[in-house]
Amino acid sequence: MATIVDQPTTAIPAPRAKTSGGLYDWVTTVDHKKIAIMYVLTSVVFFILGGLEAVVMRIQLSAPENDLVSPQTYNELFTMHGTTMIFLVVMPMLLGFANYFVPLQIGARDMAFPKLNAWSFWLFLFGGVLLYYSFFAGAVPDTGWFSYAPLTEKPFSMGQGVDYWILALLVTGIGSIATGVNLIVTIAKMRAPGMKAMRIPVFTWMSLITGFLLIWAIPSLTAAQVMLLADRTFGTVFFNEAKGGDPLLWQHLFWFFGHPEVYIMVLPAFGMISEIIPVFARKAIFGYTFLVGAGIAIAFYSFLVWAHHMFSVGMGPWADAFFGAASMVIAIPTGIKIFNWLGTLWGGAIRFTTAMKFCLAFIAMFTIGGVTGVQFAIVPVDWQLTDSYFVVAHFHYVLFGGTFLAMLAAFYYWFPKVTGRLMDERLGNLNFWTMFIGFNLTFFPMHILGLMGMPRRVYTYPDKPWWGAINLLETFGTFLIGVSMLIFFYNLWKSFRQGEIAGDDPWDAWTLEWATTSPPPAYNFAHEAAVNSARPLRDAKINDWEIFPATPVAPAKPGFFDRLPMPVLGMLVFITSEVVFFGGLIAAYITFYGRDDYPSAQNVLEAGKVGFFTLFLLASSITLWVAEQRLHHRDNRGFQRWMLVTILFAVIFIGGQLWEYRTLYSEDVTIDRNLFTSTFFTLTGFHGMHVIAGIIMLAIATYLSFRGELTKDKDTSIRTISVYWHFVDVVWIVVFAVIYLWPLID
Amino acid sequence: MKQRRFGSRTRGAFLALSALLVLTVSGCTPDMESFNTVTDRGDDVRWLLNLSFVLSFIVMAIVFGILIYSMLKFRNRQPSEREGNTKLEIFWTATPAALLVVLFIFSIQTMNSVSKEHDDDDALHVVVTGNQWWWSFEYPELGITTANELYVPTDRPITLELKSNDVVHSFWVPQIGWKLDMIPGRTNEMHFTVDTEGEYDGACTEFCGAQHAWMRIKIVATSTSDFDTWSARESQPASEPSSLIARDGRDTFMLVSCAACHTISGTEAQGQVGPDLTHFGSRDTIGGGVLENTPENLEAWLRDPQGIKPGIVMPGFDELTDEQIAALIAYLEGLH
Numbered sequence: 001m002a003t004i005v006d007q008p009t010t011a012i013p014a015p016r017a018k019t020s021g022g023l024y025d026w027v028t029t030v031d032h033k034k035i036a037i038m039y040v041l042t043s044v045v046f047f048i049l050g051g052l053e054a055v056v057m058r059i060q061l062s063a064p065e066n067d068l069v070s071p072q073t074y075n076e077l078f079t080m081h082g083t084t085m086i087f088l089v090v091m092p093m094l095l096g097f098a099n100y101f102v103p104l105q106i107g108a109r110d111m112a113f114p115k116l117n118a119w120s121f122w123l124f125l126f127g128g129v130l131l132y133y134s135f136f137a138g139a140v141p142d143t144g145w146f147s148y149a150p151l152t153e154k155p156f157s158m159g160q161g162v163d164y165w166i167l168a169l170l171v172t173g174i175g176s177i178a179t180g181v182n183l184i185v186t187i188a189k190m191r192a193p194g195m196k197a198m199r200i201p202v203f204t205w206m207s208l209i210t211g212f213l214l215i216w217a218i219p220s221l222t223a224a225q226v227m228l229l230a231d232r233t234f235g236t237v238f239f240n241e242a243k244g245g246d247p248l249l250w251q252h253l254f255w256f257f258g259h260p261e262v263y264i265m266v267l268p269a270f271g272m273i274s275e276i277i278p279v280f281a282r283k284a285i286f287g288y289t290f291l292v293g294a295g296i297a298i299a300f301y302s303f304l305v306w307a308h309h310m311f312s313v314g315m316g317p318w319a320d321a322f323f324g325a326a327s328m329v330i331a332i333p334t335g336i337k338i339f340n341w342l343g344t345l346w347g348g349a350i351r352f353t354t355a356m357k358f359c360l361a362f363i364a365m366f367t368i369g370g371v372t373g374v375q376f377a378i379v380p381v382d383w384q385l386t387d388s389y390f391v392v393a394h395f396h397y398v399l400f401g402g403t404f405l406a407m408l409a410a411f412y413y414w415f416p417k418v419t420g421r422l423m424d425e426r427l428g429n430l431n432f433w434t435m436f437i438g439f440n441l442t443f444f445p446m447h448i449l450g451l452m453g454m455p456r457r458v459y460t461y462p463d464k465p466w467w468g469a470i471n472l473l474e475t476f477g478t479f480l481i482g483v484s485m486l487i488f489f490y491n492l493w494k495s496f497r498q499g500e501i502a503g504d505d506p507w508d509a510w511t512l513e514w515a516t517t518s519p520p521p522a523y524n525f526a527h528e529a530a531v532n533s534a535r536p537l538r539d540a541k542i543n544d545w546e547i548f549p550a551t552p553v554a555p556a557k558p559g560f561f562d563r564l565p566m567p568v569l570g571m572l573v574f575i576t577s578e579v580v581f582f583g584g585l586i587a588a589y590i591t592f593y594g595r596d597d598y599p600s601a602q603n604v605l606e607a608g609k610v611g612f613f614t615l616f617l618l619a620s621s622i623t624l625w626v627a628e629q630r631l632h633h634r635d636n637r638g639f640q641r642w643m644l645v646t647i648l649f650a651v652i653f654i655g656g657q658l659w660e661y662r663t664l665y666s667e668d669v670t671i672d673r674n675l676f677t678s679t680f681f682t683l684t685g686f687h688g689m690h691v692i693a694g695i696i697m698l699a700i701a702t703y704l705s706f707r708g709e710l711t712k713d714k715d716t717s718i719r720t721i722s723v724y725w726h727f728v729d730v731v732w733i734v735v736f737a738v739i740y741l742w743p744l745i746d
Numbered sequence: 001m002k003q004r005r006f007g008s009r010t011r012g013a014f015l016a017l018s019a020l021l022v023l024t025v026s027g028c029t030p031d032m033e034s035f036n037t038v039t040d041r042g043d044d045v046r047w048l049l050n051l052s053f054v055l056s057f058i059v060m061a062i063v064f065g066i067l068i069y070s071m072l073k074f075r076n077r078q079p080s081e082r083e084g085n086t087k088l089e090i091f092w093t094a095t096p097a098a099l100l101v102v103l104f105i106f107s108i109q110t111m112n113s114v115s116k117e118h119d120d121d122d123a124l125h126v127v128v129t130g131n132q133w134w135w136s137f138e139y140p141e142l143g144i145t146t147a148n149e150l151y152v153p154t155d156r157p158i159t160l161e162l163k164s165n166d167v168v169h170s171f172w173v174p175q176i177g178w179k180l181d182m183i184p185g186r187t188n189e190m191h192f193t194v195d196t197e198g199e200y201d202g203a204c205t206e207f208c209g210a211q212h213a214w215m216r217i218k219i220v221a222t223s224t225s226d227f228d229t230w231s232a233r234e235s236q237p238a239s240e241p242s243s244l245i246a247r248d249g250r251d252t253f254m255l256v257s258c259a260a261c262h263t264i265s266g267t268e269a270q271g272q273v274g275p276d277l278t279h280f281g282s283r284d285t286i287g288g289g290v291l292e293n294t295p296e297n298l299e300a301w302l303r304d305p306q307g308i309k310p311g312i313v314m315p316g317f318d319e320l321t322d323e324q325i326a327a328l329i330a331y332l333e334g335l336h
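Which chain is which? The protein sequence lines are A and B, in order. Sequential numbering from 1 applies to the first sequence in the working numbering. Sequential numbering from 1 applies to the second sequence in the working numbering.
Treat the hints with care, since some could be wrong.
Unchecked claim - As a list, the in silico DSS-like pairs of lysine-lysine whose alpha-carbon atoms are at most 25 Å apart:
hint	chain 1	residue 1	chain 2	residue 2
1	A	K154	A	K243
2	B	K116	B	K163
3	B	K163	A	K243
4	A	K714	A	K189
5	A	K196	A	K541
6	A	K189	A	K115
7	B	K163	A	K154
8	A	K464	B	K218
9	B	K218	B	K163
What the hints assert, rightly or not - Estimated spans, in silico, between C-beta atoms of each pair:
hint	chain 1	residue 1	chain 2	residue 2	range
10	A	V483	B	K73	25 to 35 Å
11	A	V129	B	S80	21 to 31 Å
12	A	P64	B	V256	27 to 37 Å
13	A	P64	B	Q306	18 to 28 Å
Honestly, the hints are just simulated from the structure, not real lab data. Because the structure is a prediction, the values reported are computed rather than measured. The C-beta atom is built at its ideal place from N, Cα and C for all residues, glycine as well.
With the rest of the complex left out, here is chain A (with noise of 0.2 Å):
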């Protein structure tokens, strides 16, 4: 086998790596290695509390009319089962693992924003255990994962369950929006030289495209979670149907973000398969610009097809129509994907890893999951399965019999370069099999309980024939997969203390996770890479192609994006979330235009007021552009002076919106009178804090000029800052024109 080149041993030494330290090391941490090891080692603690709480669950449903838990305890059981699974276990593991190996295939240092990177670990942690507090208040959620109005509002959830389900998620959405930023600007700007989009390793490239589905996904949940949450506190109306509200508007503002969510969920498994087939069956992935553009493809399409969830509600046959065609369409570059990594395996020299047979047993899985995905996809047939056992069934194929043994593939095909030995074989076998015939033990059946006329969602079922029986079988099954998580368990903690050392490259593979060090040290590779194909480990070791040349390589001529400082793209990136966020609150405002005599929009606002100081934030952006133009021209008092009149008219905007507020409120004009109160206060509400989080911004910029530590030469905290100023200001012209000028044309 060919050698790596070695890192030179001369030269200045080598930082002294020190991969694991005290416990303060790991809480300040901000290594992008050991955040990733936090994220999956808290994903793993809450996957063992959610399998659990599904254990339980299988034991009550075990026997027909059974009384193990109430129904309230069951009720809830599902709910956190089901939140707990994908927001606190697949999503952070699977970020966790991108976060670990997306620098490293790149051959990058870390990632683009370390603090960042912590900061939406702790976030994670936090909402977490926010969400796991509310066992401890008495007050657990048990409306569901997906919490439909109008069952989440008050009368009909009068605990403060369904507020722990909020606050939790918008504190771990916030983290997840933060992570996508995060992937998107380190994979647009941290490549090796020579790593060309299309010799991007597919597990990176697949980690690219969650990045933008996080970003445009979860800001359609938090803004309906706020609506939610605003409907239980203040008492609007959103989904209020008594008061003209439409619970139909929560159904569809949660599916915008819970169909690509499910791809979040997917994608990076499917990039982790294209990665380990390969190298274990010593041949390139098959296809790799069509699994590209099919991954594209998905993450576009997935946009396109939320009300897949919904075609029991009766939107009518022509949105049924076009929905039922998209989730079609999307069945199509997934079906590529399967193909692709069939055809890799063709031809090949399988060697059947551990991490192998759990790729095979994904392919099959995942294509039983799809092919009653599609089923789904043909509106009739949902019409009849929907909301049974039988989606309840296709959901675990996908996400467990898919995502979770990708992930499970992953840790025996990683675990060696994140703790330099190696897993064991022989339990590694144990717990596949176990695992394999565990899992569809339980949820194949519920194919046939589907069928039969199970729903879902239900804490006891009656006596009918079959339905105990096929439900003990399932429930065997679930402790086969309990049995098969222990061995795994045990043997990462037996391999991790004593496993077979593994070296740099235990598995002869091709990417530069691998041309260092097992474990890496903190800086990953001590000498930047360079690359010329998409298997830079196969190029050094066939054709003697130098990973780290002695003279760096220089990058090509700077594109768009390597103009562009991290932070202002960051920013750049982050506000396309911010459409998705007002664009929902805006979206409700319209909905319900005009459904209200009084107040609306007709008979309470002030357009000349508001105009007035609407004047003086359009103003605010020209002042702020003058002010960097100060900079440029390197006349820091010119450039505090105009950054100080900014201020002021943000400042002024603030005080002309709280006049108007204060006004309204002294007419009975408040949040909760009707369908336009609601929306308009949530709306302008949200915009206003927008702008008080930038004037704040914009005060500390000004007073590290003060310090002078913001100049021309350090001026990518104002560069980043004046992007988000100006997003806030076209924003409010936008709110503008649909609240105060639409009334004056209508």
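Mind docking chain B on chain A? Use the hints.
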């Protein structure tokens, strides 16, 4: 060591496949109501369902076949250097696309045939209202209000107007062929004609709170003449209690607040919170399907409904004397 004909991986693969096959075949044995539709429109849905299964099994067979073949054949050899094949990519993009177009056309046809309104005006209208956690069925043309058990005549077009009084529910009886949600503030319509007499089970299929599991439905489809008999009886006000104890039961009913929630037509009980009990005696179940309608079960229900169906609104009447309970049971079971 003796050389075995099949390596351990081959045997493993065979075992896995057999297990899956056994599961599938064994699963086919029990009666699956989704495949036993009793309406024309449901038959259309079933046809599409069958087609979707056939296509799914074909895809699975192809994928599993290639997978297993690869696992058996492509080991211990020199791997090929092939990295792609554009013609193949086009083939396996275009073929599924073509199949899906065909499937989509069939699906649109069935969507239309399932949702269209009845041709003639002969349809029997039933207003179905979902409540947490029971169903009310009103037949405006016949002046009937009943609960939880939906009687319909066969061979007559039926239109269900689906509404909700509180949260989102969903009306699913698999043998009808499909489901439709009930959204507060909206009315959704289901149109069908039942072609076979029988009793058909169903349930609420949108999680609606604590007792979603026991919001069950029973459709009883009878011949037109039997239905006419039923509806003639059902549209009458409550029958006079035939015994002394039943008359005591009626008095007790009015006395102890049952009338605040329940309606018994022809009496002063006109409550709207719970199911209409005018013809309770002729119903098969109590409490949305949780109990069979027998005197023993009714007693347990009256004494402690919360113990049987925790979370519902109905309070318990355990503080009544045994005589009062017995009287109530006699009265209610006599309401045929």
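Hints, one by one, checked against the model:
In summary, the hint linking K154(A) to K243(A) is supported, as the alpha carbons are separated by about 13 Å, within the 25 Å threshold. With a C-alpha separation of about 19 Å, the suggested pair K116(B) and K163(B) falls inside the 25 Å cut-off, and the hint holds. Annotation: proposed proximity of K163(B) to K243(A) holds, straight-line Cα distance about 17 Å (limit 25 Å). Under the criterion of a C-alpha separation no larger than 25 Å, the hint pairing K714(A) with K189(A) is consistent with the structure, at around 19 Å.
Taking the CA atoms of K196(A) and K541(A), the gap is about 21 Å. The hint holds against a cut of 25 Å. About 17 Å separates the Cα atoms of K189(A) and K115(A), which keeps this hinted pair within 25 Å; it holds. Restraint check: the Cα-Cα separation between K163(B) and K154(A) comes to about 20 Å, which is no more than 25 Å; the hinted pair holds. For the proposed pair K464(A) and K218(B), the alpha carbon gap of about 13 Å is at most 25 Å, so the pair holds.
Of the pairs offered as hints, the one joining K218(B) and K163(B) holds, with about 18 Å between alpha carbons and a cut-off of 25 Å not exceeded. A hinted range of 25 to 35 Å for the beta carbons of V483(A) and K73(B) is consistent with their spacing of about 32 Å. For the pair V129(A) and S80(B), the supplied restraint of 21 to 31 Å is violated, since their beta-carbon distance comes to about 51 Å. A C-beta distance of roughly 33 Å is found between P64(A) and V256(B), which places it inside the suggested range of 27 to 37 Å.
Between P64(A) and Q306(B) the beta carbons are some 21 Å apart, a value that agrees with the proposed interval 18 to 28 Å.
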